[in-house]
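Engineer: Residue numbers (this note's numbering), protein chains in the order written: chain A, 1 to 305; chain B, 1 to 305.
Bear in mind the hints are in silico, worked out from the structure with no lab data behind them.
Check each hint, because a few of them may be wrong.
Sample of chain B residues lacking proximity to chain A, with all beta carbon distances greater than 12 angstroms (derived) [unchecked claim]:
{"no.": "1", "residue": "G77"}
{"no.": "2", "residue": "K92"}
{"no.": "3", "residue": "G199"}
Distance windows between CB atoms, simulated [what the hints assert, rightly or not]:
{"no.": "4", "chain 1": "B", "residue 1": "G228", "chain 2": "A", "residue 2": "E139", "range": "13 to 21 angstroms"}
{"no.": "5", "chain 1": "B", "residue 1": "T198", "chain 2": "A", "residue 2": "R86", "range": "54 to 62 angstroms"}
{"no.": "6", "chain 1": "B", "residue 1": "M1", "chain 2": "A", "residue 2": "G225", "range": "55 to 63 angstroms"}
{"no.": "7", "chain 1": "A", "residue 1": "L252", "chain 2": "B", "residue 2": "M1", "range": "30 to 38 angstroms"}
{"no.": "8", "chain 1": "A", "residue 1": "G199", "chain 2": "B", "residue 2": "E136", "range": "57 to 65 angstroms"}
{"no.": "9", "chain 1": "A", "residue 1": "L263", "chain 2": "B", "residue 2": "G199", "range": "31 to 39 angstroms"}
{"no.": "10", "chain 1": "B", "residue 1": "G249", "chain 2": "A", "residue 2": "Y244", "range": "51 to 59 angstroms"}
{"no.": "11", "chain 1": "B", "residue 1": "Q262", "chain 2": "A", "residue 2": "R86", "range": "38 to 46 angstroms"}
Only pairs whose alpha carbons sit at most 20 angstroms apart, straight line, appear in this in silico PhoX-like list of lysine-lysine [stated by the list, open to error]:
{"no.": "12", "chain 1": "B", "residue 1": "K17", "chain 2": "A", "residue 2": "K248"}
{"no.": "13", "chain 1": "B", "residue 1": "K264", "chain 2": "B", "residue 2": "K231"}
{"no.": "14", "chain 1": "A", "residue 1": "K248", "chain 2": "A", "residue 2": "K231"}
{"no.": "15", "chain 1": "B", "residue 1": "K248", "chain 2": "B", "residue 2": "K231"}
{"no.": "16", "chain 1": "B", "residue 1": "K248", "chain 2": "B", "residue 2": "K264"}
{"no.": "17", "chain 1": "A", "residue 1": "K17", "chain 2": "B", "residue 2": "K248"}
{"no.": "18", "chain 1": "A", "residue 1": "K242", "chain 2": "B", "residue 2": "K242"}
{"no.": "19", "chain 1": "A", "residue 1": "K3", "chain 2": "A", "residue 2": "K25"}
These figures come from a predicted structure and were not determined experimentally.
Backbone N, C-alpha and C define an ideal beta-carbon position, used for all residues, glycine too.
2 protein chains.
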Amino acid sequence: MKKHIYIFSPSSAVRDKAVIRRGVKRLKALGHEVELDEAVFASHMRFAGDDETRLAAIHRAAASGADVAMITRGGYGLTRILPGIRYPAVAKAIERGTRFVGLSDFTAFQNAVLAKTDAVTWSGPALGEDFGVEGEPDEIMQACFEDLLSGQGEGTGWQLPASERRDPLLQVKQATLWGGNLSVLASMVGTPWLPQVTGGILFLEDVHEHPYRIERMLTQLLNAGVLGRQKAVLLGHFTNYKPYAHDKGFKLKTVVDRLRSQLKCPVLTGLPFGHVGTKVALPVGAKVHLAVEGRDAFVLWGHRH
Amino acid sequence: MKKHIYIFSPSSAVRDKAVIRRGVKRLKALGHEVELDEAVFASHMRFAGDDETRLAAIHRAAASGADVAMITRGGYGLTRILPGIRYPAVAKAIERGTRFVGLSDFTAFQNAVLAKTDAVTWSGPALGEDFGVEGEPDEIMQACFEDLLSGQGEGTGWQLPASERRDPLLQVKQATLWGGNLSVLASMVGTPWLPQVTGGILFLEDVHEHPYRIERMLTQLLNAGVLGRQKAVLLGHFTNYKPYAHDKGFKLKTVVDRLRSQLKCPVLTGLPFGHVGTKVALPVGAKVHLAVEGRDAFVLWGHRH
Numbered sequence: 001m002k003k004h005i006y007i008f009s010p011s012s013a014v015r016d017k018a019v020i021r022r023g024v025k026r027l028k029a030l031g032h033e034v035e036l037d038e039a040v041f042a043s044h045m046r047f048a049g050d051d052e053t054r055l056a057a058i059h060r061a062a063a064s065g066a067d068v069a070m071i072t073r074g075g076y077g078l079t080r081i082l083p084g085i086r087y088p089a090v091a092k093a094i095e096r097g098t099r100f101v102g103l104s105d106f107t108a109f110q111n112a113v114l115a116k117t118d119a120v121t122w123s124g125p126a127l128g129e130d131f132g133v134e135g136e137p138d139e140i141m142q143a144c145f146e147d148l149l150s151g152q153g154e155g156t157g158w159q160l161p162a163s164e165r166r167d168p169l170l171q172v173k174q175a176t177l178w179g180g181n182l183s184v185l186a187s188m189v190g191t192p193w194l195p196q197v198t199g200g201i202l203f204l205e206d207v208h209e210h211p212y213r214i215e216r217m218l219t220q221l222l223n224a225g226v227l228g229r230q231k232a233v234l235l236g237h238f239t240n241y242k243p244y245a246h247d248k249g250f251k252l253k254t255v256v257d258r259l260r261s262q263l264k265c266p267v268l269t270g271l272p273f274g275h276v277g278t279k280v281a282l283p284v285g286a287k288v289h290l291a292v293e294g295r296d297a298f299v300l301w302g303h304r305h
Numbered sequence: 001m002k003k004h005i006y007i008f009s010p011s012s013a014v015r016d017k018a019v020i021r022r023g024v025k026r027l028k029a030l031g032h033e034v035e036l037d038e039a040v041f042a043s044h045m046r047f048a049g050d051d052e053t054r055l056a057a058i059h060r061a062a063a064s065g066a067d068v069a070m071i072t073r074g075g076y077g078l079t080r081i082l083p084g085i086r087y088p089a090v091a092k093a094i095e096r097g098t099r100f101v102g103l104s105d106f107t108a109f110q111n112a113v114l115a116k117t118d119a120v121t122w123s124g125p126a127l128g129e130d131f132g133v134e135g136e137p138d139e140i141m142q143a144c145f146e147d148l149l150s151g152q153g154e155g156t157g158w159q160l161p162a163s164e165r166r167d168p169l170l171q172v173k174q175a176t177l178w179g180g181n182l183s184v185l186a187s188m189v190g191t192p193w194l195p196q197v198t199g200g201i202l203f204l205e206d207v208h209e210h211p212y213r214i215e216r217m218l219t220q221l222l223n224a225g226v227l228g229r230q231k232a233v234l235l236g237h238f239t240n241y242k243p244y245a246h247d248k249g250f251k252l253k254t255v256v257d258r259l260r261s262q263l264k265c266p267v268l269t270g271l272p273f274g275h276v277g278t279k280v281a282l283p284v285g286a287k288v289h290l291a292v293e294g295r296d297a298f299v300l301w302g303h304r305h
């Protein structure tokens, strides 16, 4: 089914154009129409163009009428421009059927849109990192993206570590799914762009952050009351950090164990999301059901369950 | 004048005991009585003992009756235990004359004490980093610490960069001085331990943080309304970060320039504070006067100005 995919750069500048071109070629080979925003390769210091340029790119993506508006890459730049985004225009685009998709720095956009409009965006692949890879893009990522494109997706599932097995069934119904990159989300605490979600399901991932920093950020979410208001916390992948000799046994598991000791709600790990090849697509702001049976976890947003 | 100095470890574990012993020797050579907390060398993973141990150390420091309670080192560990601190006991110790002094991770303690009790603590040296150095400790740091010990200090001053020269005189009167380490302070936004200071003077420093992270944290303080409520922002040193090829001209100055464009209040740089040898001692929570004349900046907390 041919879809119109609009590619834009709201965060860091694209440095390797070949990666983007490879990604575009792949999407075209899948039969889609791919439109590149005029500022997709813009560069202003670290950024894909200055703040006005990136805001304009977001608003062009919203006006594009595309089925999907996908970022080239994350990086840094969105928290700076949150006050300048025209949220009603974005919400209107989403209502007309445009699905915004991305991750990492894009977390700022997604959660700000949720805070301001309740509209749903998608945490999922970025063009460069996911479709621009050399060799074949990840199969699960592609399958989830196809679901996103078709609008036929009903949910996603993964296998929990044995230690997290649940018998009997754990169920959380009709909860708002939200979250994304922990660093970006923590940097929104206390601002008008952090969604005030009660009874939600919060998912988190991060990259290049040492466990002590992950703990400090989780502590902020905890002490700000954010974690205590959720019905479940789903942890994706936390990758690419360097342990220190100073750690002496302090590791990611220490952080997760502590988090569990502080929360009444379940904290599940292994969500296939983050700065990893195998990533699912997750609707930020959607009402979802979470079900865990044995080691099988499901997040469902379709209408037939 | 002989003073009683109590040394304790509320954050990361001390790994190099020789540094601490050298610092103790120096303070003793200056004629002071130095008391080491029983858990000063405790080690639990990254921490100077588990949470209970470090809380007990803080409360022993508060009960010590010492003239000064000084940390061995910063690191990480205080944000975890903020809910467990008995703030009235700390405030009572301060009222009785104990001056708590430290920096970096200690920012969490200092600002939580201010938020909960209005009591004054000191941003200043840590025993290891400042008195435990090989060779002679920094002269200005020592002079400021002597002022702190004697209680005779009336303020501190520094020279601004030429571009920040003020003619005529800039004055901010009777403003609450607060702040410290930017990463630690940003991690307190949205929590009950961030002081709600209006019309204050906020000082900030950081280490190992790339300018884009510094900007992201400042943006959080800005978007949370914290910066807009201050009468001045004083920037100390931001040290020891690695620039990236990707920066393409994005640097600390870019961040400061942008901050200035977003704030009506003055943003002054060069405050001798941070992870550097030459550091002044600053009373967090005190009412101070800020005066700038030409390139000379003064923060005054004595009673004769």
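Engineer: State for each hint whether it applies.
Structural biologist: Status of each hint after checking the structure:
1. G77: Violated, since 9 angstroms does not exceed 12 angstroms.
2. K92: Answer for B:K92: holds, closest chain A Cβ roughly 24 angstroms.
3. G199: holds (19 angstroms)
4. B:G228 / A:E139: 13 to 21 angstroms: This hint is violated: roughly 49 angstroms between Cβ atoms.
5. B:T198 / A:R86: 54 to 62 angstroms: violated (31 angstroms)
6. B:M1 / A:G225: 55 to 63 angstroms: Taking Cβ atoms as reference, B:M1 and A:G225 lie about 47 angstroms apart, which means the hint is violated.
7. A:L252 / B:M1: 30 to 38 angstroms: Cβ of A:L252 to Cβ of B:M1: about 49 angstroms, so the range 30 to 38 angstroms is violated.
8. A:G199 / B:E136: 57 to 65 angstroms: This hint holds: roughly 60 angstroms between Cβ atoms.
9. A:L263 / B:G199: 31 to 39 angstroms: holds (37 angstroms)
10. B:G249 / A:Y244: 51 to 59 angstroms: violated (32 angstroms)
11. B:Q262 / A:R86: 38 to 46 angstroms: violated (20 angstroms)
12. B:K17 / A:K248: Roughly 17 angstroms between the alpha carbons, so the hint for B:K17 and A:K248 holds.
13. B:K264 / B:K231: Given pair B:K264, B:K231 holds - Cα atoms ~8 angstroms apart, limit 20 angstroms.
14. A:K248 / A:K231: violated (33 angstroms)
15. B:K248 / B:K231: violated (33 angstroms)
16. B:K248 / B:K264: Roughly 28 angstroms separates the two Cα atoms, so the pair is violated.
17. A:K17 / B:K248: With a Cα-Cα distance of about 17 angstroms, the restraint between A:K17 and B:K248 holds, given a limit of 20 angstroms.
18. A:K242 / B:K242: holds (16 angstroms)
19. A:K3 / A:K25: holds (14 angstroms)
The structure is inconsistent with the numbered hints 1, 4, 5, 6, 7, 10, 11, 14, 15 and 16, although it conforms to all the rest.
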